Amino acid sequence: MSYLTRWSRKRSIWVFPVNAASCNGCDIEILASLTPRYDAERLGVEVVASPRHADVLLVTGTANSMTRGILKKIYEQMPEPRLVVAVGACALGAGVMRGCYNVGHGVDKVIPVNLFIPGCPPRPEAILFGILKLVGEHPRGQVVAKEQIGKVSTTEHEEGEK
Amino acid sequence: MEEGNLDDVAARVGGQISQNRNSRVLTIEPGKLRDACKFLIDEMPDFYHLSTVTGFDEGKTIGVIYHFWKGKEFLSIKTSVPKENAILNSVSDILPASILYEAEVKDLLGVEFKGNRMTLQRLILPDAYPPEAPPPLRKEADPEKIRKMMELE
Amino acid sequence: MDALEVVEILVFPGLTFFVWLAFVFEWLDRKTTARMQGRIGPMLAGPRGILQPVADFFKLTSKEEIVPQFSDKLVFEWGPPFFFAAPAIGTIFIPVVGLNAIVSSPYDLLFILFVLAFSTLMAGMLGYASAGRFSTISIGRLVLQYASFEIPLLLAIVSPAVAAGNLSISGIVQAQSNFHWFVFVVPIGFAVFIVSSLAELEKPPFDIPDAKTEIAAGWMTEFSARPLAYVKLTESLSYVFLSALAASLFLGGTAGPVLTNVTILQDGIYLAYFLIKVFAIGFAIFAIKTALARVRINQAANLFWTVLTPLSLLQLGIVILLR
Amino acid sequence: MSDKGNNSPISGEEGSAKREVSAGLMQYSPENLMPFGPVHPALHEPEYFKLILEGEVIVDAIPRIGFVHRGIERAAQDRTWIKNIYLFERICGICSFAHSLSYVQAIEGILQFEVPKRARYIRVIVAELERIHSHMLWLGLVGYWTGFDTLFMWIWKDREHVLDLIEAITGNRVHKSYNTISGVRKDLPENISEPIKREMAYIQDRIRYYRDLVSREETLVVRTRGIGKIDAETARKLCPVGPLLRSTGIARDVRTEDPYAAYDEIVPEVKTSSQGDVASLLTLRADEVLESCRLILLALEKMPSGPTKLTAPRSVPKGENAFHVEAPRGELFYYIRSPGGITPERVKIRTPTMANVLTATSMLKGYTLADVPVVLTGMDPCFGCMDRISVFEVDKEKQWSVRGEDLRQYGISHYKTKKL
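Protein chains in written order, with the working numbering: chain A, 1 to 162; chain B, 1 to 153; chain C, 1 to 323; chain D, 1 to 420.
Because the hints were derived from the structure by calculation, they are not lab data.
Remember, it's a predicted structure, so these values are computed and weren't measured experimentally.
Cβ coordinates follow ideal geometry from the N, Cα and C atoms, glycine included.
Treat the hints loosely; a few may be bogus.
[To be verified] Under the rule of at most 27 Å between Cα atoms (straight-line distance), these lysine-lysine pairs were calculated in the DSSO-like manner:
1) D/Lys157 to D/Lys117
2) D/Lys186 to D/Lys309
3) A/Lys73 to B/Lys148
4) D/Lys237 to B/Lys32
5) B/Lys38 to B/Lys139
6) B/Lys148 to B/Lys32
7) B/Lys83 to B/Lys139
8) A/Lys133 to D/Lys157
9) A/Lys133 to C/Lys73
10) B/Lys72 to D/Lys271
11) D/Lys237 to B/Lys70
[Stated by the list, open to error] A partial selection of chain B residues facing chain A, derived with a Cβ cut-off under 7 Å:
12) Lys38
13) Pro143
14) Met149
Here chain A stands alone, though its shape is the one from the complex (with noise of 0.2 Å):
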């Protein structure tokens, strides 16, 4: 893969956030880390409206029965290559609502999730540095997901296959 690619997809986050049956405190913080003080947009990251523009997936909440379909479609909807994060603790892993009835045991269940951000909510702060740890920016490297969730689509993987 050149080296344009690989810059402009570190440097060019579009975001496209889901809420699978979320308490709306994570989907609060995610747009608060759009807001002046936080501002995404320093780093490339941009809100699109469809999962179609979308390179990342913001995944909060628990995903119950009813949002699960919903979420893997919007998962099948976006281009290669995707990212997914899970961002909060319901999303980790159903949080405080662990046995509910309509509840499952998080998003990595139902989608391959690359990143995960704990916090009930995370701090904007912490989304952000998520954000940046996903695409390599932060000084730790690059996120390489998990083999056993599933199959994941981060930029070097895909460098493998070519």
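Using the hints provided, position chains B, C and D relative to the given structure of chain A.
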């Protein structure tokens, strides 16, 4: 809110009043529910804020409470129906605000509300909720089993 | 056509120059908007984030293309280059260095009007070709909006032409040398042109066809990867194109008030005047669009039909009388 | 309205001022169905509104709610009284303090606790801070929904100041985890009154500016004035709560009618408006923010000293209690039954959005698609709240009861061609 009003309802439709801190509960027969609500709306328009309709499992019966609110007090009209034959007459035609609340009780506790259009099909529960499982708020419902049936594990 | 002309058309001051100008415009747009909103805008891509639009573009070109099942595949796949071609061809009629454009004919403005119409038509075709529900609604709005702003836009473009007695853009620019800018002759026409350009560019308050909180991304909803990259680039290019058109028609384009006849670096001075004017108009549009909320389609149509059309007719009448 | 429309349980309540729409010839063909959600950029929560359109005009709106249904009321029965505080906070990320406030006060009612006065004052301060933050969030989102991003950014920038205060007091930005049975978990931090006064002055200043802005900014005014109109008679019938109700001129507010916490000593002035449209909601909410600022400063001034909590038992005696508080969105109702033990037998929660959604759906009809986000915003939807237990579909006609298939097809019907 003078206390006489609740006594008026009691005098009209029968039943017992019990004082419960800041709410007074009038327990009536299931058949009298519509009369009581109609009386409230016609004679006491001040009470015409329906806060909600609550249902709960009492063991052998299912209790349904209509909470009205005015001032510092709740006026609650309570009735109970047997679990096996849980049918009530809906008040949604005279109290439009109760449509959703009754539908909620129907889905979560399995109380039929005759005349409420919202309860004709499953409304509250997710599509995947197994029809053979008991309504989730009944005591016999087991969340673990339901989750297995819904393949959420 | 000799080799020099080909270079001029393709590199400078033709296509490549305008494409890079479009990237800079997009960046300025985002930066200005961010500044007005209390943010700082893109920072990481390039110095002060100036390469952000470039990063967006190249990222999109490297993504997977998805073609919806029920789409008209021919239009869906081949439409975006044509969509891109409309403003790209339009730009070669605009003088950038010197008082003459690369291509100049006595009927420039007719072609420009065609380009503006074609660009909207192409957007409509792309939206219909993608056969999405949001796209369909969006195209309804697009066409209605186009029907509303077309007349005022046309009349606003014609006013300076009447003032100059010339349909060629180069001719209009030349008529404005010595500080005879038409913005002083046809001020109402200039205002109408700016407002109509906002509608043509689908910017607030007229971003009705791609209102993201109502109909997702509008007619662009189904596009991904390379077509989307072209569509986005075309939008920025149209931005530049309309600003350049406004600068040429109303602010004298390359013709400046002073230093019009120096011997050395004359081309550089022309270019500087041109860029200053284009960016000035660009900033005006950024400021307007940031400060306003979106209107409803019927309100937009009302505005164009009941206010701007009479105004532009009045302007045209005044210009004809003055001549 | 057509027969179909009349069959819908809410069409009878339509305001006469709206534009008449003819639904007679509509066959509700798939082309006229417009999915609005479940995942829609205007709703940051999954909700599904099937809009039956005639051109751009909405003939009918069919909400399908329940995408956030998690089954919290059932889960509460398996958790202890204390754990439930933190569970109920997570019903909603915006009004989490109101949820816990209502819940613990219902328990305190059964326990017959006299909560320390200082704790009651602190509760008022945090509840009002939450109201400010929620209203500002809403004002910003109106900007976002009407394409006025600048307003959104500005207001959210100022909202951060409120969140800072909330964080300083409670330790968290969103889920505050501050209430406990018999009081609040910790005292106010030292020297907090100075920052509070400073920020309140700032917020008041800004809100006055925004109030002026939203009533003057022409494009925003034309988008909101006369939109989502609701009259007092309809409101009385459908029992909405909170600002939506107060915008029709009915001054009903739990804080004054049934004072809880320290609202009997810090008496709010109930703001109303008589227009009943979204424009009046904008100014009404701005007024309420100003009022909240006043209340906070008043509470700070009258703040008594003393303990902030008592020792609460782990179990609650047998009994039942109904309690409601004025959450930012309106009356939030809790009904708890205790069997006498460490877990509740039943907790019933009725959130403000649940009470408002019926009204909002009837408000939609006759307006255009462009108005949908604005009208739905008008009620300040918080589906996270509502869906803890409910779903409904105002739809009985079999032939157009599509049940979420629309968006699914929208997803399924696409295949991919790899072209890299």
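Each hint tested on the structure:
The straight-line distance between the Cα atoms of D/Lys157 and D/Lys117 is roughly 34 Å, outside the 27 Å bound, and the hint therefore fails. For the proposed pair D/Lys186 and D/Lys309, the alpha carbon gap of about 8 Å is at most 27 Å, so the pair holds. For the hint pairing A/Lys73 with B/Lys148, the CA-to-CA distance comes to about 23 Å; that is within 27 Å, so the pair holds. Restraint check for D/Lys237 and B/Lys32: the C-alpha separation of about 22 Å stays at or below 27 Å, so the hint holds.
Simply put, B/Lys38 and B/Lys139 have alpha-carbon atoms about 32 Å apart, too far for the 27 Å limit, and the pair is violated. Proposed proximity of B/Lys148 and B/Lys32 is contradicted: the alpha carbons are some 41 Å apart, above 27 Å. Pair hint B/Lys83 plus B/Lys139 holds up; C-alpha atoms about 11 Å apart against a cutoff of 27 Å. At roughly 25 Å between alpha-carbon atoms, A/Lys133 and D/Lys157 fall within 27 Å of each other, so this suggested pair holds.
Simply put, A/Lys133 and C/Lys73 have alpha-carbon atoms about 38 Å apart, too far for the 27 Å limit, and the pair is violated. Proposed proximity of B/Lys72 and D/Lys271 is supported: the alpha carbons are some 20 Å apart, at most 27 Å. Simply put, D/Lys237 and B/Lys70 have alpha-carbon atoms about 15 Å apart, close enough for the 27 Å limit, and the pair holds. Given the 7 Å rule on beta carbons, the hint for B/Lys38 is violated: about 36 Å separates it from the nearest Cβ of chain A.
Residue-level restraint check for B/Pro143 holds (minimum Cβ-Cβ distance to chain A is 4 Å; threshold 7 Å). With 7 Å as the threshold, the beta carbon of B/Met149 stays out of range of chain A, its nearest partner Cβ sitting at about 9 Å, so the hint is violated.
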